Amino acid sequence: MLAKLYLLYGFMVLGGIGTAQYRGWSLDHINQIKNVPRSIRDNPGAYRSIYSSYHHYTGGK
Amino acid sequence: MSAGQPPFPPQPPRPPQPLGAPTKPQVKALNCPSCGSAITLRSFQQAVTVVCESCHSILDAKDPNLAILQQFKAATNELKPMIPLGTRGKLRGTDYEVIGFQRRSIFSEGERYDWHEYLLFNPYKGFRYLSEYQGHWNDISVCKVEPTLTHSLVDHASYLGESYRHFQTAEATTGFVLGEFPWQVRVGDAAVVMDFVSPPHLLSYEKDKNSGEVTWSVGEYLYGKEIWESFKLQGQPPEPVGVFENQPAPSKVNLKQVWGTFLILCVCLLGLLLMEDVFSSNKEVFTATYQLASGAPKGEASFVTDVFELKGRESNVAIETEANVSNNWIYLNYALINQDSGRAWDFGREVSYYSGRDSDGNWTEGSRKDNVIVPSVPPGHYYLRIEPEGDSAHPAIGYTVSVRRDVPVFGFFGWGLLILFVPVAFLTFKAISFERSRWAESDHPILKTEND
Numbered sequence: 001m002l003a004k005l006y007l008l009y010g011f012m013v014l015g016g017i018g019t020a021q022y023r024g025w026s027l028d029h030i031n032q033i034k035n036v037p038r039s040i041r042d043n044p045g046a047y048r049s050i051y052s053s054y055h056h057y058t059g060g061k
Numbered sequence: 001m002s003a004g005q006p007p008f009p010p011q012p013p014r015p016p017q018p019l020g021a022p023t024k025p026q027v028k029a030l031n032c033p034s035c036g037s038a039i040t041l042r043s044f045q046q047a048v049t050v051v052c053e054s055c056h057s058i059l060d061a062k063d064p065n066l067a068i069l070q071q072f073k074a075a076t077n078e079l080k081p082m083i084p085l086g087t088r089g090k091l092r093g094t095d096y097e098v099i100g101f102q103r104r105s106i107f108s109e110g111e112r113y114d115w116h117e118y119l120l121f122n123p124y125k126g127f128r129y130l131s132e133y134q135g136h137w138n139d140i141s142v143c144k145v146e147p148t149l150t151h152s153l154v155d156h157a158s159y160l161g162e163s164y165r166h167f168q169t170a171e172a173t174t175g176f177v178l179g180e181f182p183w184q185v186r187v188g189d190a191a192v193v194m195d196f197v198s199p200p201h202l203l204s205y206e207k208d209k210n211s212g213e214v215t216w217s218v219g220e221y222l223y224g225k226e227i228w229e230s231f232k233l234q235g236q237p238p239e240p241v242g243v244f245e246n247q248p249a250p251s252k253v254n255l256k257q258v259w260g261t262f263l264i265l266c267v268c269l270l271g272l273l274l275m276e277d278v279f280s281s282n283k284e285v286f287t288a289t290y291q292l293a294s295g296a297p298k299g300e301a302s303f304v305t306d307v308f309e310l311k312g313r314e315s316n317v318a319i320e321t322e323a324n325v326s327n328n329w330i331y332l333n334y335a336l337i338n339q340d341s342g343r344a345w346d347f348g349r350e351v352s353y354y355s356g357r358d359s360d361g362n363w364t365e366g367s368r369k370d371n372v373i374v375p376s377v378p379p380g381h382y383y384l385r386i387e388p389e390g391d392s393a394h395p396a397i398g399y400t401v402s403v404r405r406d407v408p409v410f411g412f413f414g415w416g417l418l419i420l421f422v423p424v425a426f427l428t429f430k431a432i433s434f435e436r437s438r439w440a441e442s443d444h445p446i447l448k449t450e451n452d
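Sequence lines, in order, name chains A and Y. Each residue of the first sequence is one higher than the one before, starting from 1 at the first, in our numbering. Each residue of the second sequence is one higher than the one before, starting from 1 at the first, in our numbering.
The hints are simulated quantities; they were obtained by calculation from the structure and are not laboratory data. Treat the hints with care, since some could be wrong.
The following label-pair restraints were derived from C-beta to C-beta distances [stated by the list, open to error]: (1) A/ASP42 with Y/GLU309: 17 to 27 Å; (2) A/LEU27 with Y/GLU309: 24 to 34 Å; (3) Y/ILE264 with A/GLY45: 51 to 61 Å; (4) A/LEU8 with Y/SER437: 25 to 35 Å; (5) A/GLY15 with Y/GLU146: 52 to 62 Å; (6) A/LEU8 with Y/ALA431: 14 to 24 Å; (7) A/GLN32 with Y/GLY312: 12 to 22 Å; (8) Y/LYS283 with A/GLY45: 28 to 38 Å.
Residues from chain Y that face chain A, not an exhaustive set, calculated with beta carbons under 8 Å [said to hold, decoys possible]: (9) ASN254; (10) VAL258; (11) LEU265; (12) LEU269; (13) LEU272; (14) SER302; (15) ARG385; (16) ASP406; (17) PHE412; (18) GLY416.
These figures come from a predicted structure and were not determined experimentally. Using N, Cα and C, we set each Cβ at its ideal position, and we do this for glycine too.
Turn these sequences into a full structure, and let the hints steer you where they fit.
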């Protein structure tokens, strides 16, 4: 019984992976914004990226 | 052996006498020649010895005068049988009456381990035994044919086509008796006993130390609840402690089957991966090289790329950045913008690469390449808005931006493998832990601890 349940579970996992591939899902986190102004092409500097305050790594070993 | 662990399982000390023609159930009332108390013989013709419950005299049941064979002093704290003598019940479809009770023990590493045996009688079916150790019960009967022994690294015994693995060898002594028995029972009787297990069955060899007589018996694990229901006993059976030698694993899962299923699923996963690799278009739709000027202040002016078309169904988009950084970094604020709908995917990526040499030798950290996958992007016309940043004192940094459509994401397969593996690992761990507990007190522990 448990082996059958596991088989079902396995097929659900495979189905999930197949769906993720087909729908083009990603493991990366990307922020989506709607209705950005059409003027960006003419004035790229007018757009403020939400990532612009990112603290950059300046390390090394 | 440590406290709380199963001792050697109970054994029927000697085989009962063969039954002749079925006799009508009879009860005979007698008096103890020692104390005068009433004695009831429930198995009548089958009884060889009977024990007076009042003075603990062991009497010869075959003697019309009930000659005294032995008298023993029972400890005042001796436990009373959980199933009182004379109790009747239907065990696995057959009516039985409890006619005898004995406590037997083994000594291991200076400690005594007791278990209890109940002798059951049915005038047409004969005798069988119930044994109990710390809430673990067994239904035991004498073997119909003699099992065969196989000597190897670990001894095995075979009975009626089933193979049993050796569990333990010990010397058992009888410490307390009550009721009647179809053999010459004595307190102090000793026997060498060997147990073989094939859960939920067990096979026991017993050799009487005085007579040298050998008995084989076969048992099957029972749950206390079944006994209580069979004999309609009051209250609840004692909770089992630890794992008994022939206790069936709580999980009925067939590990071989589960691992086989896992392998099949892995093959399917591999097939899915190959299909994804073959059928993903993984097509480059845009590539361009730019340069962040030397020493440009942080936050150079942003710019946009040419428009490129993403075709096909809704799918992912991979954006790869390759920069010629060396002991510095470049940070790029990206926005993938749909020219028609105004939807944008906003993200920041850093490319940094450091290298050097220290007391451990050469080292590197980071990478000159970065890859990000934007999920579920509908078809349409797109462009990238790019805002590069660099250190205030950096040299000129050239970087190439490439956009690919419908790329395979192999990370899903890694996660998929892990998600498939976790239940198998859990079930295997559980089964191994149970078997380890089972065999810990045997002569063949799976893993020896420092205390063993």
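TODO: List, from low to high, the hint numbers that the structure doesn't satisfy.
DONE: none
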